[in-house]
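Q: The listed protein sequences correspond, in order, to chains A and B.
Numbering (this note's numbering) for the first sequence: 1 to 395.
Numbering (this note's numbering) for the second sequence: 1001 to 1353.
No lab work stands behind these hints: they were computed from the structure.
All figures in this text were calculated on a predicted structure; none of them were measured in a lab.
By construction, the Cβ of each residue, glycine as well, lies at the ideal position given by its N, Cα and C atoms.
Take these hints with a grain of salt, some might be off.
Stated by the list, open to error - A few chain B residues that don't get close to chain A, going by computed Cβ distances all over 12 Å:
#	residue
1	1030
2	1187
3	1193
4	1225
5	1326
To be verified - Part of the chain A face toward chain B, derived, beta carbon under 7 Å:
#	residue
6	70
7	193
8	196
9	371
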Amino acid sequence: MSKQPAAVLGVGQTNHTAKRLDVSMAGLCREAIDRAMIDAGVGWDDIDAVVIGKAPDLFEGVMMPELYLADALGARGKPLLRVHTAGSVGGSTANVAASLVQAGLHKRVLAVAWEKQSESNAMWALSIAVPFSMPVGAGAGGYFAPHVRSYIRRSGAPLHIGAMVAAKDRRNGATNPYAHLHQPDITVESVQASKMLWDPIRYDETCPSSDGACAMVIGDESAAAATGKQVAWIHATAMRSEPTTFAGRDQVNPKAGRDAAAALWKQAGITDPLREIDAAEIYVPFSWFEPMWLENLGFAEEGAGWKLTEAGETEQDGRLPVNASGGVLSSNPIGASGMLRFAEAARQVMGTADDHQVDGVRTALGHAYGGGSQFYAMWVLGQDKTPDDRKRAAR
Amino acid sequence: MGDVAVVGFAQAPNVRRTHGTTNGVEMLVPIFQELYAATGLTNRDISFWCSGSSDYLAGRAFSFISAIDAIGAFPPITESHVEMDAAWALYEAWVKIKLGEADTALVYGFGKSSAGDLRRVLAMQLDPYVAAPLWPDSVALAGLQARLGIESGRWSEREMAEVAARSRSDAMNNPHAQLSGHVDVDELLAAPYLADPLRMHDCAPITDGASAVILASAERARELCENPAWITGIEHRVDSPAIGTRDLLASASTTASARAAGGVDGVTAAELHAPFSHQQILLREAIGLNGQTTVNPSGGVLAGNPMFSAGLSRIGEAASRVMRGQDQKVLGHATSGPLLQQNLICVMEGRDS
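Make the full structure from the sequences, and use the hints.
A: What follows is the structure, encoded as structure tokens:
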């Protein structure tokens, strides 16, 4: 069974900030959608189906808001699917939208992911106890801090690595006009001087709570040709899940992430990701997750991810620029954060990443994770239509 | 792209209240076992998982995460979730198999409506700035639609009661039903109104439940099931949420879905997801079913309405008739949102081997 080629034709995002009091939820989504459709050069009649993603409904206090949003999404009379896979949802939404085109069901699909965290209280929504499960009640940072400590112990990473990631991503974010936080003057030292929140995670090493949305138009070969410009071809997609907790689960380097990455590289025909990926947008809500995910994704051997970070290889001019956009550490509208990673990877491939464009990107990774590091969604995009075309071009 | 068939269906008892936790994932374990026993598959053999559920029904975020525990998802699985009735999870799984990325899929839905005040919870599906703060509940809204139909001569209170009576008596053949038995239409009409012109029997009962369906590719279907129910058309559409701007006596999204799914010629049994008696009449017309089609032989959701799996159950009930050899062509329908806002049609056929 051969899949139809599919590509990202256009992307759009909102300006992210703590409280978007100037727009409703519908207005927030439309800001991203309108930009994506202009970027793709399409109108409403060109859209065959809509796929929407966001994290829990308790974040805004509306049950299944896609029902109320149907008109604003331009979905009336069309198929509308709502994906929800925790923090990975933005990525999963893009993958599901891609599959509708790859299966030959639709010519163009609009994918939208959003979160308006200011409508409710996300930390409250995240802290309601689940029966028979370990209560944490300390928000996401309280849950992940022990895993970070465990990573530091296992890998022997020096303690300044987390601060290096935070300083890099925030500096990158300062070049991105859409980013929530702009801190061009941030330094490793200033991060290390910030307040300790969940030892060893400091204030400046955590993501903000943002309102924001992201949208993209995904289309087939004829739709891609109709744009008359470089699109971002989807070379591979992968999703994997595992339970939150059980004895023996490796929470530092979860198997679901490793399995998803292995399936992704195989599908994309990539044998050496560090050499073959030109830019990576990796879901790093707490700075230490950069070295952790570099290992989980197979860019580095287990225990060696921090060495890439320390050597500056994940900087804009390194071997693997990571989060040139500023990443989740600069903007975190949770439901949209994964799609932002996927969309920023598309911008790098399309050459439209403005001031944070990495030079010479032919192939890029978008990555998202969610839950207690248990849900994964990722994709590989390229300038060439297929992985085989890429290999031929590389020869 | 390859063909896809339903090869298994199981459901939990449709009950007024389970003793399980607030999201009710406990109801999944026995029905997974039932499907494994029927197909010979184990959880390791399933290549894609997809579920439907609602955080608001469970009253907390990420209620679907607990379901991953019910699967026994290690080594890790390829999995996705829709915050919708699981009929839409079945759609996502159907795409996955059509793509050739999976050859079997286990689709499940679960919900515990008894955990909260369902009518009030469903009011939160409305426009949060304009409509929801007024708390118009789901039964009251359906009452407006029923009243509109009565006043325009489309149906009568008696015809609505007849739908309810037929649902109860048909459900006597369904061991999972919540409500069943012979009831007298005149007795039903003597009952007081719940939300004029709706009486208790016109409204689906509040139900806890879960259901699961196994889908398989053409290559796998026959080895898993003697008479697979082949999906020949599956489509879904959404209508405007602005209740005042759409024709409440039609269901444009249902009509468009049925047409896009290849039409209903030759369908001999249909399972319609109609939470209110008058909506069954409305849906029959919207789909274009004639008198030759048996409607809701399981009793439908007036006999038990497990939120977020009821639509999937309609597809499963319809498919079961093909798998049992009772019908050659069937239709399953699912709905979501206030007053039939979002609708899915799945047409399935048996094939001579």
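Q: Which earlier hints can't be squared with this structure?
A: 7 and 8
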